[in-house]
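Line by line, the protein sequences are chains A and B.
Here our numbering is used: the first residue of the first sequence is 579, the next is one more, and so on.
Here our numbering is used: the first residue of the second sequence is 579, the next is one more, and so on.
Check before you lean on any hint, since a few could be wrong.
Given that identical chains are not distinguished, each listed pair holds provided it fits within a single copy or across any two copies.
[As the list claims (entries may be wrong)] The calculated DSBU-like cross-link candidates involving lysine-lysine, where the alpha carbons are at most 30 angstroms apart (straight line), are:
#1 K580 <-> K742
#2 K711 <-> K580
#3 K611 <-> K711
#4 K711 <-> K742
#5 K611 <-> K580
The set of hints was computed from the structure by calculation and includes no laboratory data.
Since the structure is predicted, the reported quantities are computational estimates derived from the model, not experimental observations.
Here is how the chains run, residue by residue.
There are 2 protein chains.
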Amino acid sequence: MKGFTLWFTGLPGAGKSLLARELEGSLLERGMKVELLDGNDARRFLSPELGSAADDSDVHVRRLGYLCHVLTQNDVVAIATTTSPGRASREENRGRIGRFVEVYCRCDPQTLEGSGAAGERGDDGGDYEAPEKPEVIIDRGAETVAESAARVIRTLELLGYISKSPDTDYSDDDERQISDRLEDLGYL
Amino acid sequence: MKGFTLWFTGLPGAGKSLLARELEGSLLERGMKVELLDGNDARRFLSPELGSAADDSDVHVRRLGYLCHVLTQNDVVAIATTTSPGRASREENRGRIGRFVEVYCRCDPQTLEGSGAAGERGDDGGDYEAPEKPEVIIDRGAETVAESAARVIRTLELLGYISKSPDTDYSDDDERQISDRLEDLGYL
C-alpha cells in the first residue's frame with residue numbers, strides 16, 4: 579500500500595469537511611491508514627499565530643502540505659481540508675507530494691450568500707483562485723454527499739491509488755465523465 | 579507494529595543528529611517506517627518565519643511535536659532532533675504523544691567551548707533546561723556513537739516498542755543500568 583494526499587480546496591460553506599469525513603470512513607473501511615487534517619487541531623498546533631485566518635494563509639498551506647508530504651511518504655492517506663485560496667501554494671504542495679489529488683469544492687456564490695458564508699470573503703468569492711486542473715470537481719447541491727464520495731473513490735481507483743472494489747457502483751455515463759477528465763489531465 | 583517518537587534534545591554540538599541518523603538506519607533495517615525530522619526541511623516548512631532560531635522556540639517545538647504525534651498515531655517512528663531548550667513544551671509533547679522517548683544529549687560545557695558552539699548560547703548553556711526524567715542520557719565523548727545507539731535500541735526493546743533482536747549485544751552491567759533507569763521512571 580502507498581500513501582497519497584487528498585487536498586480539499588474551496589470557499590467556506592462548499593462542503594469540504596462533510597465530504598472529507600465521508601471519505602475518511604470509506605478509506606478506513608478498506609483498511610488504509612488515514613489522517614484527516616481538518617480544522618482546529620491543525621490550525622492550533624501548526625499556525626497558532628494565525629488562528630482561523632490560517633485557511634487563507636500561504637504559510638499555513640505550506641505547513642499543512644509538508645505534513646501531508648511526510649504522511650504520504652510513510653504510506654498514510656492524508657486528507658487536508660482548508661480554503662487554501664492561493665493557487666501557487668497549492669501547486670507547490672502538489673509538486674512536493676507527487677501523489678496529490680485536488681478536490682475542488684465549487685459552489686454557486688448565491689448558495690454562499692444564502693448561508694451567510696460569502697459575506698466573510700466578498701460576494702463574488704473575493705481572492706479565491708479556483709484550481710485550473712483539479713482531479714475532481716464537486717458541486718454541492720448537484721448531488722448527495724454519498725454520490726460525491728463515490729466519485730472521489732472511483733477517481734482514486736482509476737488513478738491506481740486504491741484497489742477496485744466491487745461495491746463501487748457507477749453508471750456508464752459517470753464512469754465516462756471521470757475517465758475523460760483524468761485523460762484530459764494526462765493520467766490515463 | 580506501532581509508532582513512537584524519539585525526541586533528541588540537547589545543546590548544539592552535543593551529537594544529536596549523528597546519533598539520530600545512526601538510529602534511523604538501525605530501525606529501517608528492522609523494517610520499520612521511520613521519519614527523521616532533522617534540521618532544514620522541518621525548519622523551512624514548519625517555521626520559515628523563525629529560521630535557525632526555530633530550535634529555541636516553543637512554538638516550533640510544539641509544531642514539530644504535532645507532526646511527531648500524527649506520525650506516531652499512524653505507526654511511524656518519528657525521530658526529532660532539535661535543541662528544544664524549554665522543558666514545558668517538551669513535556670507538552672510527551673503528554674500528547676504518549677509513546678515518547680526523550681534522549682538527552684548531554685555535554686560538558688568545556689567540550690562545547692572547544693567546538694565553538696557554546697558561544698552561541700552563553701558559556702554555561704544559557705537558558706537550556708535539562709530534562710528531569712529523560713528515558714536515555716547520552717554523554718558524547720564517554721562512548722562511541724555505535725555504543726550510544728545500542729543503548730537507545732536496548733531501551734526501546736525493554737520498553738516493548740521494538741522486538742528483541744539477537745544482535746543487541748550488551749554487558750550485564752550496561753543492561754542493569756538501563757533497566758534500573760526505566761524502573762526508576764516507573765516503566766518496569
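Could you check the structure against the hints above and give me the numbers of any it violates, in ascending order?
none
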